[in-house]
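In the order they appear, the protein sequences are chains W and U. To convert a position in the first sequence, counted from 1, into the numbering used here, add 3. To convert a position in the second sequence, counted from 1, into the numbering used here, add 12.
Treat the hints loosely; a few may be bogus.
Label pairs and their in silico Cβ distance ranges [as the list claims (entries may be wrong)]:
1. K16(W) with S185(U): 16 to 26 angstroms
2. A248(U) with R73(W): 47 to 57 angstroms
3. A78(W) with A66(U): 34 to 44 angstroms
The list that follows gives simulated cross-link-like pairs (lysine-lysine, BS3-like), each with its CA atoms no further than 25 angstroms apart [unchecked claim]:
4. K186(U) with K16(W)
5. K16(W) with K154(U)
6. K108(W) with K16(W)
7. K268(U) with K223(U)
8. K268(U) with K232(U)
9. K109(U) with K232(U)
Hints listed in this document are in silico derivations from the structure and should not be mistaken for laboratory results. Note that CB positions come from ideal geometry on N, CA and C, so glycine has one too.
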Amino acid sequence: MQDAWIPLALSLKVASWATALDLLFGVAAALALARWRSGARDVVDALLTLPLVMPPTVLGYYLLVLLGRRGPIGAWLDTFGVRLVFTWEGAVIASMIAAFPLVLKSARAAFEATDPQLEHAARTLGLSETAIFFRVTLPLAARGILAGALLSFARALGEFGATLMLAGNLPGRTQTLSVAVYSAVQAGDDHTANVLVLVTSVVCVTVLLVAGRLVPQHTLSTSR
Amino acid sequence: MSNPVSAVRRYARAAAACCFAAAALSVHSAAHADELVVSAAASLTNAFRTMATAFEKTHPNTQVVLNLGASDVLLQQILNGAPADVFASADETAMDKAVDGKAVIPNTRRDFATNSLVMIVPADSRLPVRSVREALMLPQVKHVALGNPASVPAGRYAKAALEHEGVWDVVSSKAVLAGNVRESLDYVARGEAEAGFVFSTDAAMMPQAVKVAASVPTQKPVTYPIALVHGSAHAADAKAFAEFVLSPQGQAILAKYGFMPPAQH
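Extracted from the complex, chain W is given alone in its bound form (with noise of 0.2 angstroms):
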């Protein structure tokens, strides 16, 4: 069992600070691209979404190319000495991008929901833009973007391909439970497979369970 723990506390931790960066950047993008009038704004909202739909040993390949020690972002990291390639902060990167699409189109589902009335409202009693935003706009899109949260976690959780692509397979330091399972059963090791495969679907199933109570599930019926 002790085999388990690491790699568990290491994908918690990876996920985590994932989706914290997933939360921040794409609150934001989903504010602009909510508010932007523009024919571009269809054209950058796809060039966001795309890690969705990309295979992860593509989007792998692309941020091991970039962030690498000899590729363009990766040259200017290494003057100051950070590293991406390797490291549990690479993880973090991979499995940020991984998960990005998740919270933007969830939270720029959740704003343009919002009633622009209750906005207009505000601004007649006087509020500033950001008291709106962070008084009206925000607690109104709230449950939407608490929903990509959780989903941005979950894929987060289960992000391998890139991840093993960029961070690579460093046991204690970027061996995430997906890539722990993945390197057990390369070694035949069936047991600790099976270990880290039973951890892996009580979190996930955990997860699940905490999402559904913090997002209460809409019913058909409309009375209560």
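With chain W fixed as given, assemble chain U onto it according to the hints.
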């Protein structure tokens, strides 16, 4: 104007007819050539591609399908029912596991090549390498690429050699476990790992990207055995392929890629 519904029906029927024709044609062409599935270690990639082409020239009715990867992974596939006909591994341990698991026919097992283990560094590396042991202890060596010893022969040879040198503990804390020997090569070629362990034949595939820093003496000679898979549907072809690998023509192909002949008993 014709009825749109009947137009859709006509197009649907035409499409179905095309699909049937395509399926029938593909089945027809497959029935001509016998397919031989050869599961071979990743380090044999280039040599066996040439080997397969040469074999097909002398055996026009057989098509060789190469399945390349880490030896242990290939064995797992066979043990779980993958339809391989020939198994060529990069060390005796993997073949021993194959024999124990009854995956191969024991008396068809033959050694067909030997290789040597080397420590590589990126081509532009300025790491001072006086000995393998010293180099790996240097602080600027932060990542050492080697195959996962649990599933990759090259990793097993490297681990044994490093244990012998007394540096395994230091290296395992800096180890980047690769899924097969070519992945280790790639990590060093990209400059992500400051050092790595591959076979000399692998290093020779990327002379612009990596250079050999030191040759690593191994505890056991690096030997490649080949054997016929149990229950293969193409036993005669499989036997012909194994014999081809051991023939002067096959051995010449291996030599071209830097492999050495098997030890003479």
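Just pull the numbers of the violated hints for me, sorted ascending.
-> none
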